[in-house]
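Trainee: Each chain, letter by letter, is given below.
Protein chains: 4
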Amino acid sequence: MKLWGGRFATATDEAVERFTHSLAFDQRLATYDLRGSIAHVKTLVKAHVLTRREGTQLVRALTLLLSQAERGVIDLNPHAEDVHTAIHELLERQVGEVARKLHTARSRNDQVALDLRLYGKAEILHVETQITHVQRALVRLAKAHQEVLIPGYTHLQRAQVVSLAHQLLAYVEMLQRDCDRLQDVCVRVDVLPTGSAALAGTAIPLDRQYQAKLLGFSRVSDNSMDAVSDRDFVVELLAALAILGMHCSRIAEDWILWCSMEFGLLELPDRFATGSSAMPQKKNPDVLELIRGSTGALYGDLIAVLTILKGLPLTYNRDLQHDKRALFEACDLTRQNLAILERLIPHLRVRREQAARLVSDPRLMATELAEQLVSNGMAFQEAHRAVGELVRLAEQQGRALTDWSLAELQQIAPAIDEEAVQLFDPLRAVQMKQSSGSTNPVLVQRAIARWERALGTR
Amino acid sequence: MKLWGGRFATATDEAVERFTHSLAFDQRLATYDLRGSIAHVKTLVKAHVLTRREGTQLVRALTLLLSQAERGVIDLNPHAEDVHTAIHELLERQVGEVARKLHTARSRNDQVALDLRLYGKAEILHVETQITHVQRALVRLAKAHQEVLIPGYTHLQRAQVVSLAHQLLAYVEMLQRDCDRLQDVCVRVDVLPTGSAALAGTAIPLDRQYQAKLLGFSRVSDNSMDAVSDRDFVVELLAALAILGMHCSRIAEDWILWCSMEFGLLELPDRFATGSSAMPQKKNPDVLELIRGSTGALYGDLIAVLTILKGLPLTYNRDLQHDKRALFEACDLTRQNLAILERLIPHLRVRREQAARLVSDPRLMATELAEQLVSNGMAFQEAHRAVGELVRLAEQQGRALTDWSLAELQQIAPAIDEEAVQLFDPLRAVQMKQSSGSTNPVLVQRAIARWERALGTR
Amino acid sequence: MKLWGGRFATATDEAVERFTHSLAFDQRLATYDLRGSIAHVKTLVKAHVLTRREGTQLVRALTLLLSQAERGVIDLNPHAEDVHTAIHELLERQVGEVARKLHTARSRNDQVALDLRLYGKAEILHVETQITHVQRALVRLAKAHQEVLIPGYTHLQRAQVVSLAHQLLAYVEMLQRDCDRLQDVCVRVDVLPTGSAALAGTAIPLDRQYQAKLLGFSRVSDNSMDAVSDRDFVVELLAALAILGMHCSRIAEDWILWCSMEFGLLELPDRFATGSSAMPQKKNPDVLELIRGSTGALYGDLIAVLTILKGLPLTYNRDLQHDKRALFEACDLTRQNLAILERLIPHLRVRREQAARLVSDPRLMATELAEQLVSNGMAFQEAHRAVGELVRLAEQQGRALTDWSLAELQQIAPAIDEEAVQLFDPLRAVQMKQSSGSTNPVLVQRAIARWERALGTR
Amino acid sequence: MKLWGGRFATATDEAVERFTHSLAFDQRLATYDLRGSIAHVKTLVKAHVLTRREGTQLVRALTLLLSQAERGVIDLNPHAEDVHTAIHELLERQVGEVARKLHTARSRNDQVALDLRLYGKAEILHVETQITHVQRALVRLAKAHQEVLIPGYTHLQRAQVVSLAHQLLAYVEMLQRDCDRLQDVCVRVDVLPTGSAALAGTAIPLDRQYQAKLLGFSRVSDNSMDAVSDRDFVVELLAALAILGMHCSRIAEDWILWCSMEFGLLELPDRFATGSSAMPQKKNPDVLELIRGSTGALYGDLIAVLTILKGLPLTYNRDLQHDKRALFEACDLTRQNLAILERLIPHLRVRREQAARLVSDPRLMATELAEQLVSNGMAFQEAHRAVGELVRLAEQQGRALTDWSLAELQQIAPAIDEEAVQLFDPLRAVQMKQSSGSTNPVLVQRAIARWERALGTR
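Each protein sequence line maps, in turn, to chains R, E, P and F. Under the numbering used here, the first residue of the first sequence carries the number 6, and numbering increases by one thereafter. Under the numbering used here, the first residue of the second sequence carries the number 6, and numbering increases by one thereafter. Under the numbering used here, the first residue of the third sequence carries the number 6, and numbering increases by one thereafter. Under the numbering used here, the first residue of the fourth sequence carries the number 6, and numbering increases by one thereafter.
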C-alpha cells in the first residue's frame with residue numbers, strides 16, 4: 006500500500022520502489038512516529054475531525070504498536086515505502102477504515118521533521134548524560150592522582166611542569182563546552198513542526214500548542230514553509246558532535262602518546278588492550294585509536310548534510326532523506342565512544358615513577374626561573390634570554406642545570422639566587438603559580454571540588 | 006628582532022623565517038593585540054610588576070599605536086615574525102627598554118587566543134547587525150507584496166498556493182536562527198584566556214578578573230592548559246557561518262530560479278544584473294550565483310579548522326596558526342554576502358502578472374479540495390484518492406479542472422459541492438488555512454507586524 | 006577465539022570486544038579474504054612452510070568456504086573479532102590444527118590491505134560497466150531526439166539554442182572522464198601488499214610475484230612499511246566516486262528543472278515518479294532528488310577517510326578500520342545511482358512542443374546575429390553592443406525581435422541584412438556553427454556515431 | 006570599461022561591481038590569459054577574421070604585455086571587472102579599435118577555462134619537480150644512514166626493528182604515488198576548451214587543433230557545453246594535492262614524534278627550530294607543525310570546489326568564480342611545504358645512539374623469534390602464543406628476555422634453540438627478512454640504488 010496514488014495511472018516501477026525505499030533507515034524512528042501519531046489523533050479529536058470514539062480506538066491501537074516498537078518486536082512490512090507507511094499498514098490492519106482518517110492535516114513532510122526532532126532531543130539528552138559520566142570518571146582519576154606531576158607539552162616538546170590532574174581537568178572543561186553546546190542546540194531542536202502539513206499549513210483548525218504540550222515541545226514553529234524545509238537542527242547537532250568527536254580525538258591522541266614505551270606515562274590493563282596476530286609482544290591501544298579514527302565519520306556526516314542542503318530550493322525536497330543516515334551514524338558513534346571512555350578511564354594505570362623521572366628535568370623549570378628573576382627586578386625578556394643561554398650551555402656541556410653550582414649559574418645570570426635555584430624542584434614550580442586557572446595544586450584541588458559539586462558527585 | 010632566542014646558537018634559516026612568518030595573515034589582529042596589551046600593562050601595574058610610571062608610559066605608547074592601527078596607518082615591519090613581534094618592535098622603538106617588561110606573565114599562546122576572541126566577538130556583533138538589516142529588507146518586501154500569491158514548491162513541483170510574503174518570512178525565520186546561534190557562540194567566545202601564559206599559568210599574581218573587565222569579557226577561562234589549546238570557539242563560529250551561508254545559498258537558489266525566463270517571478274534591475282561578453286542579450290544574476298558559490302569556501306573553512314584540530318595533542322601546537330586564514334575568509338565572505346543582499350533586496354522586482362498566471366492552475370488547490378471533502382465527512386485518504394483521480398483525468402483530457410462542471414466533478418467525487426469548487430480561487434485557498442504558522446493572509450500580516458516589532462522597525 | 010593472546014594475562018573486557026568488533030562491517034570482505042587465503046596457502050607450499058598435502062587440505066576447505074560465501078550462506082560466528090578471525094574459526098573447525106599454520110608470514114595488517122584492494126578492483130570494474138550502460142542509454146536518447154532543439158543555459162538564463170542531443174552528449178563526456186579516472190585509480194589499487202606482514206616483511210621466503218599472479222595483481226608493493234599504512238587507493242577511489250556523484254547531481258539538477266511545470270521540457274512517466282501523502286495532484290521526481298542528495302554522503306565519505314589519515318604516524322593504526330564503512334557506503338550509493346539512471350533514461354519523455362516553443366524566442370539567437378555582423382565586417386564588440394541595444398529596445402517595446410521589419414532592425418544596426426535575419430530560425434542558428442565540438446547538427450550526429458563505436462553499440 | 010553592456014539601460018550598481026569584481030584573485034592568471042590571447046589572434050588570422058596585419062599588431066602588443074606580466078610589472082587597472090577586462094583595456098589603449106575584434110568567437114566562459122588549464126598544467130609540472138627534489142633528499146638521507154636501525158611502529162607501539170632507510174623509502178614511495186597521480190590528472194587538464202565560446206561553439210571557422218598546438222595542448226575538448234562547465238580538472242588536482250598534503254602531514258607527525266625528548270630519534274638544528282616567547286628552554290618543530298596544519302586548508306579547498314559544483318545546472322554559472330581562490334591557495338601551500346621540506350631534510354640530525362638504545366629491546370624481535378620457531382617446525386599460532394607468554398613473564402619479572410638463559414627460555418618454549426636466541430640482535434632480525442619489499446638491508450640498499458636511478462641522481 007501507499008499513502009498516495011490516485012493521480013497515477015500505472016504502478017511504480019519496482020526499481021524505483023527499491024531506490025526510494027527508506028524503511029531500512031527510518032524504521033528506528035518508529036517509536037517517535039507512533040508518539041507523534043498518538044498526539045496527532047488527540048489533536049484531531051480536539052479539532053472535531055475525529056470523534057472521541059474514533060480517537061480512543063486509534064490511540065489504543067497506536068499505544069499497542071508503540072509498546073511493541075519499544076520492545077523491538079513491531080512487525081513492520083519490510084517492503085513498505087517508509088516507516089510512516091509501514092506503521093499505517095499495521096494500524097489499518099488493526100482498526101480498519103478509521104485509520105484512513107489519521108493522515109488528515111498532516112504530510113510526511115512535517116511528520117518526518119517531527120520524528121527527527123523527537124529523536125534529536127532524546128539523543129541529546131542521552132549524550133549529555135554520557136558526557137557527565139565521562140567527566141565524573143576524569144575528575145575521579147584526577148582526584149586520585151593529585152600529587153602526580155607530569156611535563157605539560159607545547160609543540161610536543163616538554164614545556165612546563167603541570168599536575169596530571171590539571172591536564173585531566175582540561176578535558177573536563179572541553180567536555181563541558183560540548184554539554185553547553187548541546188544544550189544550545191536543543192533549544193532549536195525543541196520546536197514542534199507539525200501543523201505545517203505539506204508546506205502551507207492546513208484548513209483543519211489544529212491546536213498546535215496543545216500538540217506541542219502533549220509531545221513535550223517548548224515551542225511551535227512560526228512559519229510552515231520554513232518548518233518543512235529546515236534541517237538546521239540536524240546540521241547543528243552534527244556540528245556539536247563533530248566538535249565532541251574532535252575533543253575525544255585529542256584526548257585519545259594524548260593517551261596513545263602516553264601509552265607508548267617512549268612516553269610511558271600510562272598503561273592500559275590487559276583487558277583494555279588488544280594484541281597483534283603477527284607480533285606476539287604487542288599490546289595496542291586499539292580502543293583509543295578507534296575513537297580517534299571515528300572523527301573521520303563524524304566530520305563526514307557533518308559535511309554530508311551541509312552538502313545536501315547547499316542550494317536546495319524551498320521547501321521540502323527528497324534529498325533530505327539522506328540526512329537521517331548521517332545523523333544516525335554520528336549519534337551511534339558518539340554513544341559508543343563515550344560509553345567506552347567511561348568504562349576505560351577508571352582502569353587507566355598512571356606510571357608514577359616514569360612521571361617523576363620525566364619532571365626531574367630542570368629545563369622544564371626554565372620559565373619559572375625566568376619569572377623568579379623578574380620578581381628580582383629583571384625585565385622579562387632579559388631574564389628569558391639569560392635562562393635560554395643557560396639551557397644552551399648546559400646542553401653543550403652535557404650537564405643538567407641541577408648539577409651546576411649557584412656560582413656557575415650566576416656567572417651567566419647574576420640575578421639568580423638561592424630561592425631561584427629551589428625552583429628546579431618540580432613541586433615548587435607548580436606551587437609558585439598564582440594566576441587563577443593555573444596548575445597550582447591548591448587551585449587544582451579547588452577545581453576538583455568545584456567539578457564534584459557541578460557533576461553531583463559531592 | 007625576536008621574542009625568543011637565548012637558547013639558540015645560530016640564527017634561524019631564512020627559508021624557515023619565511024615559512025613560519027604569519028604577519029601577512031595576523032596583521033589584521035593588530036588593534037585587538039594592542040587593546041590586549043593595554044589591558045595587560047594595567048594588570049601588571051596592579052600586580053606591581055610594572056611601576057605606575059612605567060605603566061603610564063607604556064599605555065600612552067600603545068594607545069598611540071592603537072589609534073594608528075585603527076586608521077590603518079600603523080607601520081608594522083613586514084619582516085617581523087608575527088603581529089605580536091611587529092608591535093613589540095614599534096613599542097620598543099618608542100619607549101625603549103621598558104618595553105621588554107611587557108611580555109611578562111604572558112605567552113604568544115594565550116595572547117593570540119585573546120586576539121582571536123576579541124576579533125570573533127567583534128565579527129559576531131557585526132554579522133548580527135547585518136542579518137538584522139537583511140531581515141528588515143525582507144520584511145519590508147513582504148509587506149509591500151502581501152497580496153501577491155505564488156505557487157509554493159516541494160520537489161520543485163508546484164505544490165500549494167502561498168503568499169510571497171509567507172515565503173519571504175520563511176527566510177526571515179532562517180536568518181533569525183542564525184542570529185540566535187551566533188548569540189550562543191558568542192557566550193563561548195566571550196572568555197578571557199590570558200593569564201594562562203604558555204600553558205601552566207604564571208607565578209605573577211595577575212588579577213584576571215580585572216583584566217576581563219577592562220577588555221569587556223564576561224568570564225575568565227578556568228583551566229590554563231585548555232585555554233591555550235582550545236579553538237572550539239573558532240569551529241563553532243565557522244559552523245554558524247557555514248549554516249548562514251547555506252541559508253543564503255537556498256535563498257539565492259530560489260531567486261535564481263525565479264529570475265529564469267521559465268519561472269519569471271522575479272526581475273533584477275539592470276543595475277544589479279550583469280551581462281555576457283559573448284551573448285548580447287544576456288542579463289545574469291551573477292550576484293546571486295556568487296552568494297551561492299561562496300558556500301563552498303564557507304564549508305571548506307569549517308573543514309579546514311576541524312581537520313587541523315583532529316588528533317592534536319594538548320596544548321598549543323603551531324598547526325593552529327592556520328585557523329586564522331580560515332576564520333578571516335569566512336567572516337569576510339559572510340560580510341560581503343550580507344551587505345550585497347541588504348542592498349539588493351529593496352530593488353527586486355516582483356512580476357505580479359506572472360505570479361497571478363502561475364497560481365491560476367487549479368491543480369495547486371488539490372489539497373484544499375481534499376481537506377474540504379474531509380470537512381464534508383470523508384476520510385482524508387479517500388478524499389486524496391478521489392482528487393488525485395480528478396487531476397489524472399483532467400490531464401488526460403487536457404482540460405483544466407476549472408473547466409469542469411460541478412456535475413462532472415461529482416461523477417468522480419460525489420462529495421464535492423459548490424463550496425469546494427470555490428476553492429479553485431487561489432485567494433480562497435490561502436484564506437481557509439487555519440493552523441498557526443500557515444499562509445493565511447491574516448496570520449501572515451500578523452507575522453509581519455511581529456517581525457517589525459522584533460526588528461525595531463515599528 | 007582470537008588470533009593473539011599469549012602475552013595477555015586476563016581476558017579482554019566485553020565492552021572492548023564490542024567496541025573493537027568489526028565483523029558487522031568487514032564480513033562483506035569474506036570472499037576476498039578467502040581468495041587471499043587460498044593464494045597464501047599456495048605460496049606457503051611453494052615456500053615449504055606447508056607440505057603439499059597440508060596445502061591441498063587447506064585449499065579444499067577454503068574453496069568450500071568461498072563457495073558458501075559467494076552464495077551468501079557462510080556461517081560466520083557473529084561474535085568473532087573480525088572477518089579474518091571468523092573465517093579462521095570456521096577453517097579450524099573443518100581441518101583442525103593445520104589451520105594454525107595459515108597465519109604464517111602474514112598479519113591482519115597486510116591481509117586487510119589485500120582484501121580492500123581486491124574489493125576495490127572488483128567495484129571499479131563494476132562501476133565502469135555501469136557507467137558504460139548509462140552512457141549507452143544517453144547516446145540512445147540523444148540519437149532518438151537529434152532534431153530537438155532546446156535553449157542552452159548559462160546562469161540559468163537562456164543563452165543560445167543547442168540541440169538536446171548536444172547537452173546529453175555533454176553528460177556522456179563527463180561520465181567518460183569518470184571512467185578514465187577510475188581506470189587511473191585502478192592502476193594504484195592493483196598492487197599486492199601481502200608479504201609485508203606486520204610492517205617489516207617476513208623471514209619466510211614468500212614468492213610474492215607468484216602470489217600476485219595467482220590473485221591477478223599487476224604489481225607487488227615495493228616497501229613493506231608503506232604497504233601496510235597506505236590507504237591512498239581508498240581516498241583516490243572515494244575522490245573519483247565523489248566527482249562521479251557530483252556529475253550525477255548536475256544531471257539530476259538539470260532534469261529536475263526540466264521536469265518542473267515552468268521549464269516543462271521533460272516528463273517522468275508515472276512509473277518513475279512518486280506522489281505526496283498530502284497533495285493529491287503531486288508527481289515528484291524523487292528519484293532524481295535522491296541521486297542529487299546522495300552527493301552529500303559521497304563527499305562525506307571522502308572527507309571521512311582524509312580525516313582519518315591526517316597526521317597518522319606510520320605504519321598501521323587501528324583508526325584505519327573506519328575506512329571500510331566509508332568505502333562501502335560510497336560504492337553502494339554509486340551502484341544504486343547508476344542502476345536507477347540506466348533504468349530511468351530510456352523512459353524519459355521529452356516534451357518536443359515545449360522545446361519548440363522555448364527556442365522560438367529570438368533573443369536566443371543574439372550571439373549568432375552578432376557573429377553574422379562580424380562576418381559582414383564589424384568588430385565583434387561593436388556587433389555585441391548593437392545587438393544588445395536591439396534586445397533592450399525590443400523588451401522596452403514589448404515586441405519580439407522577430408516582429409521587427411528589416412528596416413527597423415537596420416535603424417539600430419545598419420549592418421543587419423537578409424541573411425542575418427534568417428538566423429532567428431533556431432535551426433539555422435545551430436547549423437551555422439563551425440567549430441569542432443559545437444552544437445552543429447552534423448557534428449553532433451558524428452559525435453553520436455563516434456560514441457556508439459566507443460561504447461560498442463554500433 | 007566592460008566587455009558587455011549594450012542591452013543595459015543603466016550602469017551597474019557600485020556595490021555590485023565590488024561584489025562581482027574578481028581581479029584581486031584572477032590577476033595571477035594574467036600571463037596565461039595573454040598567452041591564450043596571442044594564440045587566439047593567430048587562430049582568428051587563420052580564420053580570416055583578422056587580417057595578417059591586424060594579427061601582427063595585436064600579437065606584438067600582447068607579447069609586450071606578456072613580458073610585463075612575467076616580470077610582474079603589468080599595469081592592470083585595479084577597478085577592472087576581471088583580468089580579461091583589465092588586459093583588454095591595456096590592449097585597447099595600445100592598439101586602439103582593432104582590440105575590439107579580439108573577443109570574437111570566444112567568451113569569458115571558455116577563456117577562463119583555458120587560463121585555469123594553462124595554470125594547472127604549469128603548477129603540476131612545478132610540483133612534480135619539487136616532489137622529485139624532496140624524494141632525492143630523502144634517498145640521500147637514507148643512504149647516509151643505511152646502518153641505522155630503529156623501532157618500526159604500529160599503533161605507536163614498538164613493533165619490529167626496521168632500518169631508518171626503510172622508513173624513509175616508505176615516504177619516497179608515498180611521494181611517488183603523488184607524482185603518478187599528478188601525471189594522471191595532467192592528462193585531463195591538458196585539453197583545449199576554447200572554441201566552445203559561450204557554450205554552443207561558434208560560427209567562426211576556428212581551427213582548434215591549430216590553437217591547441219600553439220598552446221601546447223595534447224587534445225581539444227569534444228563538447229562545447231561540457232567544456233565551459235567542466236571543473237573536474239580543478240577538483241582532481243585539489244584531490245591530488247590533498248593526498249599529497251596528507252602524506253606530508255604523516256611525515257611531519259613521525260618527525261614531530263621523533264623530535265620529542267621522549268622518542269629522541271631526531272634533532273632539528275637550531276636554524277630550523279623556533280623558540281617560545283615565554284619558555285626560554287623551548288626548541289620547537291614549528292616548521293613540521295605548520296606542514297601538518299596546512300592539511301586543513303588543503304582538505305578545505307577540495308571540499309570548497311566540490312560543494313560549488315554540487316547540483317550546479319549546466320553550463321557556466323558564476324559560482325565557478327570561487328574555484329580559483331581554492332585552487333590558488335592549495336597550489337601555494339603545496340609549493341611552500343615542499344620547498345621547506347627539501348630545504349630541511351638535509352639538515353635533519355639522526356640521533357644514532359638513541360636509535361641503538363631503542364632497538365636493543367628484545368621484545369622488538371618477538372616476531373622474528375616466532376618465525377624462527379616456525380622454521381623449526383612449529384605452527385605459527387603456537388609459536389605466537391609461546392613467545393607472547395615469554396614476553397608476559399619477562400615483564401612480570403621485570404627482566405629483559407636477553408637476560409634469560411637458553412634453558413629458561415626453553416622451559417616456556419622448548420623449540421627455542423641457539424639460533425633463535427641470536428635473533429635478539431637487531432641486525433640479525435632485519436638480515437633474516439626474505440620477502441621482497443622487506444627491511445632486509447641488502448634489499449634496502451638495492452631499493453636506494455633503484456631510486457637513485459629513477460630520480461636521476463646516479
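It is worth saying that the hints were derived from the structure and are not from the lab. Treat the hints loosely; a few may be bogus.
One copy or two, it doesn't matter: identical chains are merged, so the pair holds either way.
To be verified - The calculated SDA-like cross-link candidates involving lysine to any residue, where the alpha carbons are at most 20 angstroms apart (straight line), are:
id, residue 1, residue 2
1, LYS148, ALA52
2, LYS51, ASN82
3, LYS7, ASP275
4, LYS47, LEU69
5, LYS126, THR61
6, LYS7, ARG390
7, LYS7, MET266
8, LYS148, THR15
9, LYS329, ARG33
10, LYS126, ILE417
11, LYS47, GLN439
12, LYS7, ALA412
13, LYS126, ASP185
14, LYS7, THR68
Note that this is a predicted model, so its numbers are computed, not measured.
Trainee: Now look at each hint and say whether the structure bears it out.
Mentor: Hint-by-hint comparison with the structure:
1. With identical chains, the CA atoms of LYS148 and ALA52 are never at most 20 angstroms apart, being 59 angstroms at best within one copy and 31 angstroms at best between copies.
2. Taking the shortest Cα distances, LYS51 and ASN82 never come within 20 angstroms of each other, neither inside one copy (31 angstroms) nor across copies (54 angstroms).
3. In this assembly of identical chains, the alpha carbons of LYS7 and ASP275 lie at most 20 angstroms apart only when taken from different copies (14 angstroms versus 54 angstroms within one copy).
4. Taking the shortest alpha-carbon separations for LYS47 and LEU69, only the intra-copy value of 16 angstroms comes in at or below 20 angstroms, while the best inter-copy value is 59 angstroms.
5. For a Cα distance limit of 20 angstroms, the shortest separation of LYS126 from THR61 qualifies neither inside one copy, at 27 angstroms, nor across copies, at 54 angstroms.
6. For a Cα distance limit of 20 angstroms, the shortest separation of LYS7 from ARG390 across copies, 11 angstroms, qualifies, whereas the shortest one inside one copy, 79 angstroms, does not.
7. In the homo-oligomer, the alpha carbons of LYS7 and MET266 never lie at most 20 angstroms apart, since the shortest distance is 62 angstroms inside one protomer and 25 angstroms across protomers.
8. In this homomeric assembly, LYS148 and THR15 never come within 20 angstroms of each other (Cα to Cα): the closest approach is 70 angstroms inside a single copy and 27 angstroms across copies.
9. Proximity of LYS329 and ARG33 under a CA criterion of 20 angstroms is satisfied intra-copy only: 10 angstroms inside one chain copy versus 23 angstroms between copies.
10. Proximity of LYS126 to ILE417 under the C-alpha cut-off of 20 angstroms is found in neither arrangement, the shortest distances being 63 angstroms within a copy and 45 angstroms between copies.
11. When the C-alpha separation of LYS47 and GLN439 is checked against a cutoff of 20 angstroms, the pair qualifies only between copies, where the shortest distance is 17 angstroms, while the shortest distance within a copy is 62 angstroms.
12. Proximity of LYS7 to ALA412 under the C-alpha cut-off of 20 angstroms is found in neither arrangement, the shortest distances being 92 angstroms within a copy and 29 angstroms between copies.
13. For the identical chains of this complex, LYS126 and ASP185 are neighbours both inside a copy (14 angstroms) and across copies (18 angstroms), given an alpha-carbon limit of 20 angstroms.
14. In the homo-oligomer, the alpha carbons of LYS7 and THR68 never lie at most 20 angstroms apart, since the shortest distance is 23 angstroms inside one protomer and 45 angstroms across protomers.
Of the hints listed earlier, those the structure fails to meet are numbers 1, 2, 5, 7, 8, 10, 12 and 14, in rising order.
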